[in-house]
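Here the protein sequences come in this chain order: U and R. Going by this note's numbering, the first sequence opens with residue 1, and the numbers climb by one from there. Going by this note's numbering, the second sequence opens with residue 262, and the numbers climb by one from there.
For the record, the hints were derived by calculation from the structure and aren't laboratory data. Errors might be hidden in some of the hints.
Taking lysine to any residue pairs in the SDA-like style, the calculated list, with each CA pair at most 20 Å apart, reads [unchecked claim]:
1. R/K745 <-> U/N202
2. R/K741 <-> U/D201
3. U/K219 <-> R/A313
4. R/K741 <-> U/S224
5. U/K219 <-> R/T688
6. R/K741 <-> U/N202
7. R/K745 <-> U/S204
8. R/K665 <-> U/D30
9. R/K388 <-> R/K431
10. R/K741 <-> U/M43
11. U/K219 <-> R/F705
12. U/K198 <-> R/Q747
13. R/K665 <-> U/M43
14. U/K219 <-> R/K431
15. U/K219 <-> R/V708
16. U/K219 <-> R/L743
17. R/K665 <-> R/F705
Small disclaimer: the values here were computed from a predicted structure and weren't measured.
Each chain is listed here by its residues.
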Amino acid sequence: MQLKLLTILVLAGVCLAQQDRPVKNPYAGDAQAIELGRVQFRMSCAGCHGLHATGGRNGPDLTRGTFAAGDTDADLFQVVSNGVPGSEMPAFGARMEDEQRWRLVSYVRSLTPHDAAPIAGDAAAGEKLFWEKGNCGQCHRVGTRGSGLGPNLTRAGRQRSVPYLRESVVAPNAQITPGFDTITVVTHDGKKITGLNKGLDNFSARLMDLSGHYYSFQKDDVTSIQREDRSLMPDTYRGMFSPQELDDLVAYLAGLGGGQR
Amino acid sequence: MKLSGRFAAIALLLGATFVRAQTNPGEWRNYGQNPQGWRYSDLTQIDTRTVARLAPRWIYQTGVPGKSETTPLVFDGMMFLAGTSNNSWALDAHTGRPVWHIHQTPPTPLDLCCGEVSRGFAVHGDKLFRVNIEGTLVALDIKSGTTLWETKLADYKQGYSATAAPLVVKNLVLTGIAGAEFGTRSFIDAYDVETGKQVWRFYTVPEAGEPGGDSWSGDSWKRGGASTWITGSYDPELNLVYWGTGNPGPDMDGDVRRGDNLYSCSVVALDADTGKLKWFYQFTPHDTHDWDAISDLLPVDLTVDGRQVKGLIQANRNGFFYTLDRTNGKVLKARAYTKVTWADGIGPDGRPILIAGQEPTEEGKFACPGLGGGHNWQASTYSPRTGFYYFSSSENCHLFYKSKQDFTAGQWYQASNVEGPPGTHGTGAILAVDPTTGQTKWRFDLVSTPSAGLLATAGGLVFTGDREGYLIAFDDRTGKVLWKFQTGAPVDAPPISYALDGQQYIAVAAGPAILTFALPAAK
Numbered sequence: 001m002q003l004k005l006l007t008i009l010v011l012a013g014v015c016l017a018q019q020d021r022p023v024k025n026p027y028a029g030d031a032q033a034i035e036l037g038r039v040q041f042r043m044s045c046a047g048c049h050g051l052h053a054t055g056g057r058n059g060p061d062l063t064r065g066t067f068a069a070g071d072t073d074a075d076l077f078q079v080v081s082n083g084v085p086g087s088e089m090p091a092f093g094a095r096m097e098d099e100q101r102w103r104l105v106s107y108v109r110s111l112t113p114h115d116a117a118p119i120a121g122d123a124a125a126g127e128k129l130f131w132e133k134g135n136c137g138q139c140h141r142v143g144t145r146g147s148g149l150g151p152n153l154t155r156a157g158r159q160r161s162v163p164y165l166r167e168s169v170v171a172p173n174a175q176i177t178p179g180f181d182t183i184t185v186v187t188h189d190g191k192k193i194t195g196l197n198k199g200l201d202n203f204s205a206r207l208m209d210l211s212g213h214y215y216s217f218q219k220d221d222v223t224s225i226q227r228e229d230r231s232l233m234p235d236t237y238r239g240m241f242s243p244q245e246l247d248d249l250v251a252y253l254a255g256l257g258g259g260q261r
Numbered sequence: 262m263k264l265s266g267r268f269a270a271i272a273l274l275l276g277a278t279f280v281r282a283q284t285n286p287g288e289w290r291n292y293g294q295n296p297q298g299w300r301y302s303d304l305t306q307i308d309t310r311t312v313a314r315l316a317p318r319w320i321y322q323t324g325v326p327g328k329s330e331t332t333p334l335v336f337d338g339m340m341f342l343a344g345t346s347n348n349s350w351a352l353d354a355h356t357g358r359p360v361w362h363i364h365q366t367p368p369t370p371l372d373l374c375c376g377e378v379s380r381g382f383a384v385h386g387d388k389l390f391r392v393n394i395e396g397t398l399v400a401l402d403i404k405s406g407t408t409l410w411e412t413k414l415a416d417y418k419q420g421y422s423a424t425a426a427p428l429v430v431k432n433l434v435l436t437g438i439a440g441a442e443f444g445t446r447s448f449i450d451a452y453d454v455e456t457g458k459q460v461w462r463f464y465t466v467p468e469a470g471e472p473g474g475d476s477w478s479g480d481s482w483k484r485g486g487a488s489t490w491i492t493g494s495y496d497p498e499l500n501l502v503y504w505g506t507g508n509p510g511p512d513m514d515g516d517v518r519r520g521d522n523l524y525s526c527s528v529v530a531l532d533a534d535t536g537k538l539k540w541f542y543q544f545t546p547h548d549t550h551d552w553d554a555i556s557d558l559l560p561v562d563l564t565v566d567g568r569q570v571k572g573l574i575q576a577n578r579n580g581f582f583y584t585l586d587r588t589n590g591k592v593l594k595a596r597a598y599t600k601v602t603w604a605d606g607i608g609p610d611g612r613p614i615l616i617a618g619q620e621p622t623e624e625g626k627f628a629c630p631g632l633g634g635g636h637n638w639q640a641s642t643y644s645p646r647t648g649f650y651y652f653s654s655s656e657n658c659h660l661f662y663k664s665k666q667d668f669t670a671g672q673w674y675q676a677s678n679v680e681g682p683p684g685t686h687g688t689g690a691i692l693a694v695d696p697t698t699g700q701t702k703w704r705f706d707l708v709s710t711p712s713a714g715l716l717a718t719a720g721g722l723v724f725t726g727d728r729e730g731y732l733i734a735f736d737d738r739t740g741k742v743l744w745k746f747q748t749g750a751p752v753d754a755p756p757i758s759y760a761l762d763g764q765q766y767i768a769v770a771a772g773p774a775i776l777t778f779a780l781p782a783a784k
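Okay, chain R solo, but in the shape it has when bound (with noise of 0.2 Å):
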């Protein structure tokens, strides 16, 4: 009975440990640190007072040209890189020296969205997985870099190609899929670790016939889109995986798809054993401004307006924050957190309020956020230290021009395009903000558009980088800067941290470099 207050005690103290329970701070073994995604590192070592005297440790240039938007696993003394164009490495983690380094060619042509990037590596055992960016999942023998399956998700000539780190949830990898540009029809699959065989498959766009299908007209299903481009998360209490679904196509000329278009712009939450959908929620239906639903969604126990909830948290791509119950996809709060100029918020019923007349045109309408929303793809991170959610933002408007275009199987199919007003520019902020409100606790103001994403610490820290080449660390409660550092290249890449030999490290990928620093080691 003693014991059992004690554990209790600690399990209070610790908040919600359930969460962190099968992860070593020392390690970063997931994209998003723990299943949950929340990129946030238990270790004090470099914190508020000590983060002044941070220094470079290593850097290694891969040589690869392009930039970087890995997320590096580091363990058992070793630092695991899926860089872009299907190149991998396994480098030394005290060194920086390379152990091992792959290199799959990509096919060409190979049209593509945004580059030949790969966000990251997922592991199971002795095994690395990574998707190469034409369309394939690849199993690696963790020693020595060796292909030990690979399996074909979809058609790259089709304009499909693959960018997300995996999530392994049990004996399942998972993974999603991009190139909603080219009229493709997107999905979620599962595969055994082992094998490489597939355990199931969810489509994010219903066919005719199905639960959701009707909210396409005629055969634009097929055409749908809502890819699956960057990488879920796992609420091992629930047993669901939460994905987020991009636009539906074409992006810009809606009157060829007319409905809400299911699933696009929406989370899916999955049985992670069968894939069946138990909930959705859909933040923007019917969307003509490209503002994919695909930024991190993280499980987060809160307390919102006075009521324990299993949370759910995402700064969507149109404009708004937003808290979901997780466990039936019901909105608690839903705020904007930047300029926003087509709803006057959301409704009880989960929709939002449309302001009338805001769809692209063909002479350009002009619409906040712009092309890539307020925030977009770059991780974001949850401190339980401080109780804030952490991500960018784009302050950017533009103007969305519709045209009508014929579909062409593999060809770009996006029907028009934006442009920024004359004199103006885009800039950006990060911000901290109260899930549990919505409300903005504190913000830095960028010069550009966001580029790198978050991390943050026990340290009272949170880290990220700059288009123009800083690794910037913040204080995680008022957001003053605490320390930077000038890298060299655009920092595209989110931060990570782990220990070695008693030490903790940051890591982050900038231009086709990694680089690593830490506290100077005592005299």
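If we strip away everything but chain U, and leave its shape as in the complex, we get (with noise of 0.2 Å):
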């Protein structure tokens, strides 16, 4: 009985918790509160998110106009103050006021490109195309899926812009995905060694080649070890795929986990 009523008080109070908070956004398409808005993302979100929103060293991209907790404004509203457990998004709640908050989602809702074309492609075709003729689950996985060598793209149509997954496919080195930056070891015997940078300190090397085949060297025991800002991923791929395939493939990429399509 004390059990059911502490239950029901509970719940009271949530209602009443939700009722004290705006459930709508007082700033939604207000210029101004943009504007202070982007200001404050600069601050405050840009280290993660990057400083136009679309992805950066930890955050996925938010100009997709669709979001992993929920695509409502109060959705937006609540990520910002509680944070995502189990993620790197911390709780803003305590560091922020109510409207300083509902700004930056309105900074953030006035990036989604609302005007933007419809993917070109044909996903189911370019689903067939990663894993068949680009092969591309060699290195990457989506769901369980493919292999961890690359980054996992199970998510990355929810993290990543559609420019962004094209730019990846035609020009790998454009932007590396933190973490998956190169290393080149060039043993006493001229052989030279290139693989995924696992781990570099200012004494030892460790990588990981196309093979999976895991290396470690001293610095003291090889000629040269050097750190190199491109990717392991073939630059290849622009000429491998015709300009509908690529279209096809964008689309796929596009849609996981849950994205645009």
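Given two chains presented individually in distinct reference frames, assemble the corresponding complex, making use of the accompanying hints.
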């Protein structure tokens, strides 16, 4: 009985708490609030989401108009306020006033390209290209399928913009996903080994080549260790795929994780 | 007469002995070892030959998460740690076991620039002094850790915080303040060691009508920043305290604070007894790149261009190394030690020779050094043995963005941000610089930006740590690596050295732990 009463009280409290806070953004579409939100975003959010909110070191692209934690303004407000448990998204509820968080929501909303053209490609055809002609699963994982050598693409459609996804296919060195740069080691007998940077410090390097072989070298034992801001991904896909096939592939990637289709 | 001659000979042999006369080399009693902050140990047991055998002696895990930037104090068989999030410990220096631990829970919410760090204690008699992160100065009983007095420096709700180790000068305990990213107005304070009562305060931003007040447009001085978040140094001979100041606020929008913005990005020389300004030198007038001038300022007697001078040396965040005359603040030498894109040098009048069009913009303006500057706060060291000054440098550039931002008290007030140009990553170096010329004598390249401070010893060694967790010993003349140890956590603190029972120790904080090292006992 006491438990039931407590439950009712708690539920009532939750309802009251929800009523305390507007579920509708008081600054929706407000140009001045959007500008203030932009300034706030640069200082508080850009470190992870990038200065232009297109995704950065850890944070996903926020210009897609679709979000993992829900697509309403109230959902976004909740995420900014309470963070996302299990992710690197912190809670800003104690650090920002309500109006600051609503302004941030307004700014993020303003980034959605409302007039963006629908993605031209056929996602189903793109999926087939991904796994067969491109053999992308040799390095990338989607769900439980594929390899973990390259970036996991399971949620790529939610995390990255369409232009970013297209660029990643045709120009993989343009922006390297953090943690996926390259190390080249030259041994004393002249052998050159290039692989994914699995760890570099002032005295040693650890790398994994495209075949999944792991290497560990001490700096003193080799001729040179060079870190390079380039991807192990071949830059040959522009020539491999026709324009239509590229559209198909990007359409498939853009849909991963429930992203835009 | 004979005795006097002998004393004179000893003084000559020891060179700049006046600065170490009051320091027992077996102890580490000050944040910077001696009041001048040289971080130089006279101990020689661990030297270029024996360092290869250096091995861990004990490790103490504090259990407090977050990085540690603290300099331990060691004396009377005890090690005192001022840790993160208002934690303090006294450890038995022989065993590493705790004797006391106190924790004062920081208030919430507490909006900070750079974490709940503390960089160390100061000591006077039976009292330890530290700052708490919410901007208080605390005196603790050295035997029990009991709080003897606590004085509020400023209101944390306005954005103030405190992280620097205090500096004891005679019967005063001096401290700075942090918070320039929140539109605060900073200061340097002195308090009576016995009572905690304020003896003097020097505002690092003059108000309108005061000397220097006209270097701020309108009422922008009220939000002028110029925080004092790293411990200054003291010259007993001149009775002057030298303290570096941080960026003006807001960081990157200089339009709202036209003028030189004194005394931001400067060194101020204050009378230690009164806090009166004797002279100042501004390294970066009207800074818009967050190049605080808070790095160590070391009083060192030098021969510059054939002339004996009382020098004051600093590797500034703006990319230049400076040797000043510490009696008047005149620039004696200034030389870039890293890539610099904003100035062609320092002119005869001491002002930087600016390259036009380097200010942050809405679209982003590329500049070197980057946001953290070349050399940042990480402790540096001067070795009278080599005459070299050792410090770390970031090799990093950024795109600096400017925005218009309204000021709200207690809110972040930076007026934009930076990002690294695509396809780049920051690296760093450890540098040995001759302060009489500004020339780099050796460098050790780092794969990441630097994180740890430095220590030089009479054993011919320079110690530092790195972001990947190594504690490293270099030959002080060549930069050759003679020893290294993987601590298991990033090293964000400076190493120290002291002696215990006839053995020389090296100690350093790495992650949440403190590690000590010594040579194996003779069999």
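A quick look at each hint next to the structure:
1. R/K745 <-> U/N202: This hinted pair holds, its Cα atoms lying about 10 Å apart.
2. R/K741 <-> U/D201: Answer holds: R/K741 to U/D201 is near 17 Å, not above 20 Å.
3. U/K219 <-> R/A313: holds (18 Å)
4. R/K741 <-> U/S224: Holds - the C-alpha atoms of U/S224 and R/K741 are around 17 Å apart, at most 20 Å.
5. U/K219 <-> R/T688: Since the Cα atoms of U/K219 and R/T688 sit roughly 17 Å apart, the hinted pair holds (cutoff 20 Å).
6. R/K741 <-> U/N202: At roughly 13 Å apart (the allowed maximum being 20 Å), U/N202 and R/K741 satisfy the hint.
7. R/K745 <-> U/S204: holds (12 Å)
8. R/K665 <-> U/D30: holds (17 Å)
9. R/K388 <-> R/K431: Judged against 20 Å, a Cα distance of about 13 Å means the pair holds.
10. R/K741 <-> U/M43: Given pair R/K741, U/M43 is violated - Cα atoms ~41 Å apart, limit 20 Å.
11. U/K219 <-> R/F705: holds (14 Å)
12. U/K198 <-> R/Q747: holds (17 Å)
13. R/K665 <-> U/M43: holds (12 Å)
14. U/K219 <-> R/K431: Given that 20 Å is the threshold and the Cα spacing comes to 49 Å, the pair is violated.
15. U/K219 <-> R/V708: holds (12 Å)
16. U/K219 <-> R/L743: Distance ~14 Å between U/K219 and R/L743 Cα, so the pair holds.
17. R/K665 <-> R/F705: violated (40 Å)
Going through the hint list in order, the structure does not satisfy hints 10, 14 and 17.
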